[in-house]
Structures are given as C-alpha cells and as structure tokens.
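If you read the protein sequences in the order shown, they are chains A, B, C and D. Counting along the first sequence from 1, when you hit position 362 you're at 361 in numbering that gives the first Met the number 0, and nothing is skipped either side. Counting along the second sequence from 1, when you hit position 343 you're at 342 in numbering that gives the first Met the number 0, and nothing is skipped either side. Counting along the third sequence from 1, when you hit position 9 you're at 8 in numbering that gives the first Met the number 0, and nothing is skipped either side. Counting along the fourth sequence from 1, when you hit position 150 you're at 149 in numbering that gives the first Met the number 0, and nothing is skipped either side.
Treat the hints as calculated values from the structure; they're not laboratory data. Even glycine gets a Cβ: it sits at the ideal position worked out from N, Cα and C. Just to be clear, a hint being listed does not mean it is correct.
Output of the computed footprint for chain D on chain C, the stretches with three or more beta carbons under 8 Å from beta carbons of chain D [stated by the list, open to error]:
1) 21-28
2) 356-368
A few chain C residues that don't get close to chain D, going by computed Cβ distances all over 12 Å [stated by the list, open to error]:
3) Asp32
4) Lys133
5) Gly148
6) Asp277
7) Lys287
8) Gln310
9) Gln375
10) Thr425
These are the residues of each chain, in order.
Number of protein chains: 4
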Amino acid sequence: MGNNRFEIESLGSASIDNTIRKEDLPRFTSESDRIAFDPHLEGLKKYFSSGETPEGFEIAGPRQKIFFSPTRTKVAVVTCGGLCPGLNAVIRGIVMELWHRYGCRNIVGIPFGYQGLSAGAETELIELTPERVKNIHEEGGTILGSSRGSPPVSEMVDVLEKYNINILFTLGGDGTMRGANEIWQEIKKRGHKIAVVGIPKTIDNDILYVKRSFGFESAVERASEAVYAANAESEGVMNGIGLVRLMGRDSGFIAATVTLSTGRVNFCLIPEIKFRLDGPGGLLELLKARLEKRHHAVIVVAEGAGQDLCQHQNSEHDASGNIKFGDVGHFLKERIACYFKEIGMPISLKYIDPSYIIRANPPNTADKLLCARFAQNAVHAAMAGKTAMLIGYWHGQMTHVPFSAVIGQKQKINPSGEMYFNIIETTGQPAKIGV
Amino acid sequence: MGNNRFEIESLGSASIDNTIRKEDLPRFTSESDRIAFDPHLEGLKKYFSSGETPEGFEIAGPRQKIFFSPTRTKVAVVTCGGLCPGLNAVIRGIVMELWHRYGCRNIVGIPFGYQGLSAGAETELIELTPERVKNIHEEGGTILGSSRGSPPVSEMVDVLEKYNINILFTLGGDGTMRGANEIWQEIKKRGHKIAVVGIPKTIDNDILYVKRSFGFESAVERASEAVYAANAESEGVMNGIGLVRLMGRDSGFIAATVTLSTGRVNFCLIPEIKFRLDGPGGLLELLKARLEKRHHAVIVVAEGAGQDLCQHQNSEHDASGNIKFGDVGHFLKERIACYFKEIGMPISLKYIDPSYIIRANPPNTADKLLCARFAQNAVHAAMAGKTAMLIGYWHGQMTHVPFSAVIGQKQKINPSGEMYFNIIETTGQPAKIGV
Amino acid sequence: MGNNRFEIESLGSASIDNTIRKEDLPRFTSESDRIAFDPHLEGLKKYFSSGETPEGFEIAGPRQKIFFSPTRTKVAVVTCGGLCPGLNAVIRGIVMELWHRYGCRNIVGIPFGYQGLSAGAETELIELTPERVKNIHEEGGTILGSSRGSPPVSEMVDVLEKYNINILFTLGGDGTMRGANEIWQEIKKRGHKIAVVGIPKTIDNDILYVKRSFGFESAVERASEAVYAANAESEGVMNGIGLVRLMGRDSGFIAATVTLSTGRVNFCLIPEIKFRLDGPGGLLELLKARLEKRHHAVIVVAEGAGQDLCQHQNSEHDASGNIKFGDVGHFLKERIACYFKEIGMPISLKYIDPSYIIRANPPNTADKLLCARFAQNAVHAAMAGKTAMLIGYWHGQMTHVPFSAVIGQKQKINPSGEMYFNIIETTGQPAKIGV
Amino acid sequence: MGNNRFEIESLGSASIDNTIRKEDLPRFTSESDRIAFDPHLEGLKKYFSSGETPEGFEIAGPRQKIFFSPTRTKVAVVTCGGLCPGLNAVIRGIVMELWHRYGCRNIVGIPFGYQGLSAGAETELIELTPERVKNIHEEGGTILGSSRGSPPVSEMVDVLEKYNINILFTLGGDGTMRGANEIWQEIKKRGHKIAVVGIPKTIDNDILYVKRSFGFESAVERASEAVYAANAESEGVMNGIGLVRLMGRDSGFIAATVTLSTGRVNFCLIPEIKFRLDGPGGLLELLKARLEKRHHAVIVVAEGAGQDLCQHQNSEHDASGNIKFGDVGHFLKERIACYFKEIGMPISLKYIDPSYIIRANPPNTADKLLCARFAQNAVHAAMAGKTAMLIGYWHGQMTHVPFSAVIGQKQKINPSGEMYFNIIETTGQPAKIGV
C-alpha cells in the first residue's frame, strides 16, 4: 500500500508456523486486508473512482506465520505514566496469551516504568507467570509500578540487550509512545531484532485512532459518583455550587460523558472549547442567573479546560514532558468565590477532585474485556514480527497503528459534532460561554 | 441507492425547518451519505471497481428539514417484552429531546406494552413531561410497564388513530419490531402519516446491525457477580461445581463476555455451539477430569444453549411468539448430579440463576449514554418523517436500519471468530465438546 | 460466679506473661468483671436487692497472664457449613493476631471443614502466614474450604493429637458449635490441654447472644438488590408479583431487615410468624386485594417460613444434621399461580432466589471490622487457656459464651417486639395473616 | 429517679390513648424502666449495695398514653449542618411514622436549616407527605436543604409560633442540639407546649451516648475506597505515598475504622492522639524508615488530628460556631514534600480528600434501617410529650437522652482501649509518634 501513513514496520519475514491449532481457530487474520479509515461511502467512492486506495488500518489478529520462535523468545512488559483502570488486566492478558497460546515461558516485567530500564536501576526484573497474574485483573494500579520520564534512550536499549529481550510491550500514553518510538529507532540503528509494540493507555481517551481506550468507562462510572455528590451538596444549601474537577488534559471526554449520562450538570467545561469568566455571557454571569432561578448549580471542569485563563506565565514541564497545567479547579473555585463576594450574594461552594480515586480503581467488566483484547492482539502483532506500532480500536475492530501516526496528536471532541451538541442540550449552557 | 436492502421509508417530503439553532449545531446530517456496511477495503474495492455501490446504512442525526410540525405533533412511546437496564433512560431521552430540542409538548406513554393499544385497555395513557422523567434514567424497570404479545394489528392502529398519534416509538426486541412493522404496514394501507420508529432493546445483544445494545454492559457487569459467587462456592467445598444460567436465547454474548472478563469460567456453553453431555469428550467426562485435577469447576450456560438436548417434544410458544425453551439450567443440574452419583464421585453443585436481578438493574454510566444516543437519534429520524425503521449502531455510528432488514434474524457469535477463539483459550475447554 | 450458665471453662491456670507490651495496651481485660446479660435497671435491682448476682458474660479481651507459650503453640483453624461473607476476614484476623501480637509461628488451616479432620483425609493441612492471608479479607468464600457433617469425634481428636494441635478455632453455626463441644468433651475425657474456641458464623444472625454476626449486614446489602429487582419486575407488568426467597431457616432477620430498609415489600413472611394461604385473611386473598388496588406486589419469604405448609411428610436431614426444608419459594410460586389461574385473574410472577450470590459475596467494611474483632478476641481467649466457648457480641462488647449456653437454641425475632411491629407498619400487612 | 443527669423533661401529663392498635403491638414501652448506663456488674453491684440507683437511660418506644392529639398536631422537621448519608431516610421515617401510625396529616419541612426559621426567610415551608418522601431514603443529601448557624433564638420561636408548630424535630450535630436546647428554653420561658426532639446526625460518630450514628457505616464504606486508591497509587510508583484526609474533627472513628477494616494503612492519625513530625520517632522519620524498607506508604489523617501543629494563630469560627481548623491534609502534604526534598530522597505523594463524596452519598442498607429506628422513636417520644431530648443508641437499644447531657462534649476513641490498640497492631505504627 505504498506510502500509506498507517503502514506497519516489520522485523523481517515471518516464516514460523503459528502455534495456534487449526481446530481452535479456523481462520487466521489476513496480512493484506485493511479496514477503511473513513467508512463513509461518498468519500470512499471518490478515492476508488480516481484510482486511489483509501487509507486503512491493518487488522489485528493472529497470523498464520510468525517471526519469533516462542520457546526462545524473551518478552518484557513495562507500564508508564499515571494509573488507569485495567493496567493489571492488560498485563495479565499479555502473559496469558504468550504462555498458553504461544508457549512462551520467559516473560518479565520492567519495574517502575522506563526508569526500570536505566543502567543503575536497583530493582530487579519481575518474573511474570500465569500463577502470578491470574487474579490481578480485578485490582487497580499496576503490579509492575510506573514512573514518569525516562533514562537516555541508548541506556534503555543497552539494558534491553543486556537482558536479551526480544519483545517489549509498552503500556502508556502519548509520551510513552514517543519514548517507545525512540527506543525502536535506536534498536533499528543498531540493527537488532527487538519488536516494540505499544498498548494505548489513556484515561482521557485521547489517543488517536483508539475510539475507546481501556479504563475510560470505568473512570466515567466512578466520576459520575462525584457528580451525584456535587449535585446533592449543591441542592443541600441555599445557592449551593458543586464544582467537580475531572481528568482531561487535552480532551474532555470524561467530563462530557459524565455530563451526558448523569444529566445533573449545568456547566461542562472542556479543553476543546474556550470560555470566559467575566463580562456579558461569561461563566460568572451565567452562574449568577442560574442561582437566582434555581438556587443551586453543578459545574464540571476538565483539568485542561480554561488553561488560557489560569496557566502560569512560565510553563513548567513534568518528567513525562507534559506542560504543567494551571489548576483550573482551584482557579475557578477562587474566582467564583471572589465574584459572589463582590456582588454580595452568599453562596456555598463545594469543590471535589476525585482524580486519584478514579484512576486507581479496578476496571469494570466491559473494560476488563477490552484490556484482554488489546493484550491478545498486541501479542499476535509482536509474535508476527510487527514493530513500532500500537494496537488501535476502530469501527469495533482491533487494528495496527504505527507510532508515527499518533505521536504528538490527540483525539478530541469535535466542537461541531454530536457530543458537544448534546452537552449544550443536556446542560442548557450556551454553545459559547462569553466568547 | 435503489434496491439497497437498507433503504429507509419516509412519510413524505420534509419541508419544515429544523428547530435546532445553527449556533448550537453548525452541521446537520446529510441525507445522502451512507456508512459502509463492511468497511474492509478489499471488498469495497471489488464493489466500486465493478461500478456498484456497496451496501451502507443511512447515518442517523438531526436533519435540516423535518416532516412534522413539532407543536402539532403527538408522540407515543411504548415498551415491550422483558425488562432491560436502560428502558427508562431511553424514555427520558426521547422526552427530553422532543421537548427541549423540537418543542413538542404532547408526549404520552402507552401503558403495559402493545396490550395498552388494545381497544378495551383499561389503563390510561401516561403523560410524559421533563418533570416526570428527569430522574428515571437512574432506575431499573420501565415506568410505562410492559407486556408480551399484542392485540390484533388493526385494533392497535385504531387506537393510535383514536388518540391522534403522529409518531410511535417502540422499544423492544425482534418480536416487537415485527409487531411495529405490521403496525406500519396497516398504517400505510390506510394511507395515514404516522411514523413508526423502533429502538432496539435486547439484553442478549442479538439484534442485527446493533453492535452493542443498551443494557448489555450493565447486564454483563451484574452477571459477573454471579460468576464470582459461583467460583467462591465451587472452591468452598471439595468437588464443588458452580453452575450459572444466564440470559441468551439465540446468542451467547452475555455468557461469553462474562467468561472472558472474569477469567473464572471452565465451561462456557452458548447457543451458537452444540455440545454433548455423554460419551468421550462430552461435557460430563470433561467435568470429571477437571474435578479430579482441580477439585472445583465453574460452568456458565446461556439459556438457549443445548436446546437440542433439553427441549420438550411439543414446543410451546409464549405470548411474544418465542418458542418456550427447555430449562437448560435445571437440565444440566440434574444430569450432572445423576452422572456423578452413578460413578460414585461426591460433588456439591450450586445452581445460580440471576436473570431477574440482572435485567431489572439500573443501567451503568456507559449504558446511560448509549440510551441517550439511541433516543435522540430516534427522535431526529421520526421528526424527519422516517418510518418503518429502527436505530442501529455500526462502526460507533448511530444509523437507520429498516425493520425488514432485521426481522427474523439474529446477531450471533461467530464460531470461527475471535470471541469464540478467546473463550476456548480462557476456559481451557476444547473447541468442540463431544461433537 | 458459681453456677452461672455463662461460666467459661479453662484449661488451667494462666501463668505466662502476655507478650503484649504495656506501652501498646495500658490496661488488660479483668478476669473477674462481667457485663450484665440484661441491663434493665428494674430487673437488676431485684437481683441485687435479693442478694443475688445477675447473670452476665465474661468480657473478651487480652489477659495479663496467658496459658500457652506462644512460640511452642500450634494452632488450627477450621471453617464449617455454608459460605458467609467474612469467613476469610476472620481467618486473616486470627493469623495476624497470633503472628504479630503473640508471636505464634505455627498456624494451619484444616481443609474442607470437619471432614478435613477425618483419619483418611487426603488433602493436606494448609500453612497460614501473614503473607498468605494479608489480602483475603476482601474475598468471598473461604480459602480453607468447608463441608457439612463430620467424621466421628474420636477420629477428629485423634487427628488433632496426631498433628499436635494446641488450639482449635472453629468457624461455624449451631451445628458446628455442637461438634466443637463434642470435640472438647472428648479432649477433656482424654485429659488433654487443647483449647477449642468458636467464632459464630451465621448469615441468618440466629446464634444466641450474638447480637450481630459477621456477614449479616453484607448479606442484607446484597439481598436488598434482589428486592429492588423484584419491585422493578412487579411494576413492569400488569399484576406483576415479585417473589424473593431469602435465607433464614429459623429466624427471619435478613427478610425483616431488607423489608424495613428498602420500604418496597408488601408481604414479609418469616419463620417466627405462622401464616395461612387460603381462606379469609389468608395470603392469597390479601394478595388479590393488593393487586386489584395497586396492580403489583412484592413478597419476601425467608426459607424457614411456612414450613408447616410446605414441609414433606418424612423430614430428611442434611449432613450437618439440619432438617431438610420444604422449598417454600417454589411452593408459594406454584400455589399463587394456581390460585390466580383458578379465579381467572392473569398475573405475572417473577421468582428470585439470590441465596448463593448473597452468601458468596465479600464482606462490606462494617463486617470486615466485626470479623477482625471476633478473630482478635478469639485469639485472646484461647491464648489465655479458655475453652469450650465462642465469642459473643452483646451491648456492643465482645464476650465469652460457653458452647453449652447456645447449642440447640436460636436467636429469633420477637413477635411482640419492635422489629415485627415495624414490619407490619412498613408492609401494611396485618399482624396475623389468615391465622 | 431524682437528679439523674439523664432525666427527660416533659410537656405535661400524657392522657390520650395511643392510636397504635393492641393487635399490632401487644406491649408498649414502660415509662419507668431504664437501661443501665454502664452494664458492668462490678460497678452496678457497688451502686445497688450502697442503696443508690445507677444511672440509666429512658428506653425509647411507643407509649400507651400520648400527649398530643395526632389530628390536631402540626409537626416541623429541620436538617442542620453538613450532609450525612441518611438524612432523607430519617425525614422519610418521621413522616411515615407520623402519618401511618399516629394519623398526623400536618407535617412540614423547614427549608435550609435553622436559617429557614428566620423572620425574613424567603423560601416557603415544604409540605411533607408519604407520596413526597416514599423513595427519598435512597438518595443522598437532604430534600429540605440545610445551613450552618442560626437566626436569634427568639426570632426562631416567633416563627414556630406563627406557623403553629407543636413538634419540632431537629436533625443535626452538637451545635444543632445546642440550638435546639436554646429554642426549647425560650419556648419554656414563654410557657408554650412545643416539643423539641433531636435526632443525632454526626458522620464523625462523635455524639455522646450514641454508639453508632446513622450514616457512619456508609461513610466508612466509601472512605475505604479512597484508602484502596491511595494504596494502589502508593504501590504504583517508587517511594509512593498515599495521603488520605478523612472527616473527624474531634474524633477519629472514620479514620480508625477504615484503617482496621482495609488493613492497608501504615499511619493512622486521629485527633485523640497527639503526634510530632520532627525529631527522633517523629512521623517523618518513621515514614522515611518505612519507605526505605517497603518503598511505599499509606497515611490516613482525620481532619482534627495534629491541630496543635497546623492551626492558625487566630482561630476563626464558622457559622455553626465550630473553630475553623487548620487543613492538616495540606499541611502534611507540604511538610512531607519538604522533608524528603531536604534529605534528597525522591518521593511521589498523592493526596486524596474524598470528604464530599463520602458525605453526599446515599446510606447503605444497615444505615437505612438505623435511620428508620431513630425516626420512629423520635416520633414516639415527641407524641408522648417528651422534649429537650434526643434519641440515643446504647447497648443496641434506642434511648432518650436530654440535650443537657450531650451538649459541648464528644464521644471519642479511648487511647487506652481496644480500638486504638488494634490500630497500633494493624498499622505497625508505635503507640506514640514522636511524643
């Protein structure tokens, strides 16, 4: 398919028969088939009628021929960045698939994220077996530990070589995938045959080409409890305001979904849509009008919303390379308090930040299943010698997506689309708040 | 698009401006675009290169022009068949969308399913307002009541006419959609302009072209508690067997999903795959081997599994026209008890049937959102004058699907596909049990 | 205190200093103090004024002097009878207390209940350490396994001797305590110094002198979900009846508590109060009247209710020596169906039996705490050389209760007391149903 | 009983027959009986042998003779202070008992706490009927609204008179009971016959003579989720510290109970026990040692702990008259961060404050039952003409407690008792931290 931006790299020709038995799986996944990136027929017609092939993703699944000889392959798993419901379920899925389906017996966990790949790392590799992982899918957190940031890439590859790792599975978000790509580039430069396959972990649901990331629904489920609490608090006093800060650095999916499913939110502020506090039609004026009419209000704000209002002059970065955000929750809390004090209207504001409770939670049943599917397909891809890719989820299908296609970009809520339209309706807020 | 089997009928030309404001929704959904039924590029290429247009679904969403004048339109909602988490959330969504978005003020609920459309129905129509429905999405059941079966179709249409209903929303499964189609055919015969739009309700997730039906994930979440209980019971005694019967008449999605997400099931029996009890490689022999090795076992069986083994000679039908099934749960319970008694191996079998607890449950957060989307898009379709259709869910997109395309068929687990393959792996059961 | 029926037996004089440090616990529990059985002052006055000492319980807690030398003591734990939320939490509590507080290093679990003490038991003793038990309080079931019935008592004592057990903790109900008492009598006869201390396990909350048994509140929490489901099902159809069968052989505490806390039950049937089905004022007539007025009804029945109506002629016993009960749930289901068929009134009855889901559940937080307290105080008692006793819970205080005081009797709901009075009010049912 | 500090005031002689029927309740509660304050027999013996009557509480329950004529009685309910799970369940219980048992038809809610009794209150009284309250026990918050502080007492009594209120039920904590007592003193001074009966509301469980207050167990259940999250976060990174701030101004019951039931806490800091941060044996040193050994730690701190360390010089008071506390959570967070920065040991601290999520939660099943019992017995007391009292809970019995006995004092954890002893054991922390 030539210069398709979704083309997947490979370590070489896969010539070993897959260990999966014909009676268990009659059909292997074809190497050549693709799933349309955009399945709308009008667009597809234009492509085909002009002789082009539309963009599409490689379809994930077990291949008839594999690259690695399972019994001689050593596999490492690393979890990076913040917690997300389902990390342990993915680890379990990888181990179970490698062990029971392919017969790998040499699986290790890298302790504490990429930092565990530093030359001087004190903690030892963690041996992973079915016995060790069989029940971990029911627990929050990650049994491997995590971290932000990473040692120099050459150091990490040195360590991978030192331990004779053949496959590295990286669980993480955008920053982690950037790191994984750098690791792969270094491996490639050295001419080694180490597969690097990512599994997208983003509680914000903001990785491109991953329609629904694992842990997202579990996060939303728990976040909705905070909204119900905010609602009860706001109704429990005269002019009560419940303010809930939720995760969502670049994308407001959690805030939006909770707003739509609870039906208890009056203002939903997300990173994709700018808003103003002051002046006519600004948030403060709208809030005042709401209180005068109904005596209580619930505001949900994603952590990345209103950054133009609250961010510090000299932006710092955290160890993962993310810009340190201004705390929009505390900013709103203080500005709202100030405003109502000035206009002499007594309010009672309750501020709720449930982030850690949400992200350290075990996955729900639907997410456990999704974790298993991400894990299984990552294993199929790596065993087939695919590399520099992560597992995507598109049109309900697991896919292969090259690192290069996702790094540095984010999946976002479309301000002209159905979801934001529904937020406007559910909340009653105007499409534009003071802007 | 000519004779496309997914073509949607319409009451006539939609000539009224949609009441949705441009500033809230910049883009209406195009009437002409379609989403590919099968998004695989190889197949699509074949179609287009031979000059054909591949099959595709109309995309759901608000139309620029609508058929009904909102303030003069009377809308009825009816819920049919068994309970499913989210029924109330759909009712709420329909009322909220009609009221707030289109300005309809005349919305009624038909009490107790199609039976509420009988000439002699004693219960009165239920007035539906935002005040009445605002919190019902958090409750299980249906505030309208439901029933199985229906009065004669002409009688139902008489009643719809008597009450001057312009739009009828029917929430139900395959049987309900068949009924809705018959109602529509009668309306059409009489030359009336009543839109009949269905919202697919199936806890089994077995309606065609609806990848994930509302309530399904909530059902799976609750069903998994029964599996954990069965597991604890089975491990709590020597040779303990936990047997869980779950919903799933024609399709084993609940049983399969619970099996995959809990990882605690040793035998998963679904309607799509026949099995044998007796003889070499039969379930009883496999169960014996499992107990000898591990001293406990968990079996999950969908209600429609093994019907060739347990169904009564003269099959009866229930009021919805469904064949009355043999009770495979009790059948297995007795046959297993018998077998181990005969071979003199003491066991302790605990039988769990959580069906009503599962289906009467409130929806989880993800399902509440899905309910809202089904409801909103059903309203958009009906207001635009679409009829004889239900809302589908395909590639993450809400779609229009004609009744004719789904009636009498079922969405099922593919015995050669990924899901069944994963069941074999997770359980350790063979692909074929005694057959 | 002489012939007090609550006098506790002891293995001999406790002469070893307790290993608990003074700085951790300034005050040990006095051996001589008692807590009044009946704290009403009028009654107490009568006792004291006539020179008698009122009955009272020994107070549980750590003693300054203990009987067993911790490092030389071997301790066994056994779990008997049906599952109950919190069994694992009690096991954990015992191990943690013995290990960390007293320094015992020799703790074993007997597999599969008293059956694990049979001469020919195939399964080995289970070594119990803090590492093994640290997280088990969050799991349902019992890691030791359980069983009903027991081998001959002499055989069990032989096994205890063979393994050099010094302390035996038995977790179970009335039958288990009877067995524990027989084991103790045999030990005593043989002149051995083995302490036998019971921890009362009864999901029905029916053990005398144990106001609230562990697992009871967790059971009620989960049982209430079945009642909400029954309510949704009953309201979801015309003349819907939701019938829920709950645990409660001799005592209706679960049924009663669920009735009072949900407020959704119309008829609550418990073993303590007889009722009639037929005739004027009988259940069927009352149910008919309810349906005619409100069109739906919820019935909760404890498994031991109505046994005079449904029990089989020749009562069988199960392995624990309990009379095999007639299945009052199915009995009611059939009799109700029959009655309404005869009088030509269509109903829709949904029958829910959530027993296994309830009892295999993990404990809630309040129960986890209670489990810890039972466990800790059982260890204190046994280390002090107390025997032939169980831990009671009275006036919020952990106590010592001799086996002899509880065996063969049950804690029940007082038909003239507050709880039953409140059931009448909450349900609206008459104090007497057809009797 | 003369000058017993637990003597209950009364509006006058109760001469009206109770409306409760003999067939529903065979035995009314005796006016003369008392339940021993301290049920230990040694102490009781001393009292009786010296001719004294030991202190005891009046027993709550329905009286044979009542003071108010139900059909002529107007009843008001007010909820004050912060939210607590179960407020709505108590309101429901009061209304149901008054309506169904006594036949009162005139019940109102005071909106927004004592502020709703101000002369110029704009919001109207809320009519309370069974229809209005029947399902509110399942919701968090309070349908009446609440507030802190109060208008002048004479103004409040003016309003009560203006509305012809005969009975005032006040739901609140220590401050609310102080207010209720002042209202009562003013009523008495004016020679009116208005009963003032309190229902103790304290999520901290800190009201004297109320062993377990409603909402406490629900709070603990939810709080434990924060501890599990903190644990997952702390284990998820190298040298992770999870710091959870919980409610508990004067008493650490929530923090202590969560510590004991989860078994995941390493340091539990409560108001009853002072601690030091710095120096040998101080918290920081202990924390460092813990991290060096285990690489992660969980700290739970009650909001009132360490106030000697973090409170501001010039203590402010809130509207309820409570001293404004220094924020010990943020204080610890900053001091810990500082300390480890200074000693050059990298840590990752996650701070969780789940307070609003905990207190706005619906009650669990056990609490719903407790709410009903508090409510019912408050109604019995008030109808019998009792006043200036609240409902207590002692030895599992509902009691009457005069306002005077509880105001200005708190129920606390005994530093020499079982609970703190168990905390030491469970956490492994020393009995004294740096003091």
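>> A cut-off of 12 Å on Cβ-Cβ distance, and C/Lys133 was said to be off the interface with chain D. Does that hold?
In response: violated (7 Å)
> Has the region 356-368 of chain C got at least three residues whose CB is nearer than 8 Å to a CB belonging to chain D?
Replying inline: Per the Cβ count (5), the hint holds.
> Can we trust that C/Thr425 is non-interface, i.e. its beta-carbon lies farther than 12 Å from all of chain D?
Replying inline: violated (8 Å)
>> So C/Gly148 supposedly isn't at the interface. Is its beta-carbon more than 12 Å from every beta-carbon in chain D?
In response: Given a closest Cβ separation of 33 Å, the condition holds.
> Holds or violated: is the Cβ of C/Asp277 farther than 12 Å from all Cβ atoms of chain D?
Replying inline: holds (21 Å)
> So is C/Asp32 really clear of chain D, every C-beta pair being over 12 Å apart?
Replying inline: Given a closest Cβ separation of 5 Å, the condition is violated.
> When you look at the beta carbon of C/Gln375, is every beta carbon of chain D farther off than 12 Å?
Replying inline: violated (7 Å)
>> Verify this label for me: C/Gln310 is non-interface relative to chain D, using a Cβ-Cβ cutoff of 12 Å.
In response: Fine: 28 Å to the nearest Cβ keeps C/Gln310 off the interface.
> Since C/Lys287 was said not to touch the interface, does its Cβ keep a gap of more than 12 Å from each Cβ of chain D?
Replying inline: Given that every Cβ of chain D is farther than 12 Å from that of C/Lys287, nearest at about 22 Å, it holds.
> Okay, the region 21-28 of chain C and chain D, do three or more residues pass the C-beta test at under 8 Å?
Replying inline: With 5 residues closer than 8 Å to chain D, the region 21-28 of chain C meets the three-residue bar; holds.
Hints 3, 4, 9 and 10 from the list above are not met by this structure, while the remaining hints are.
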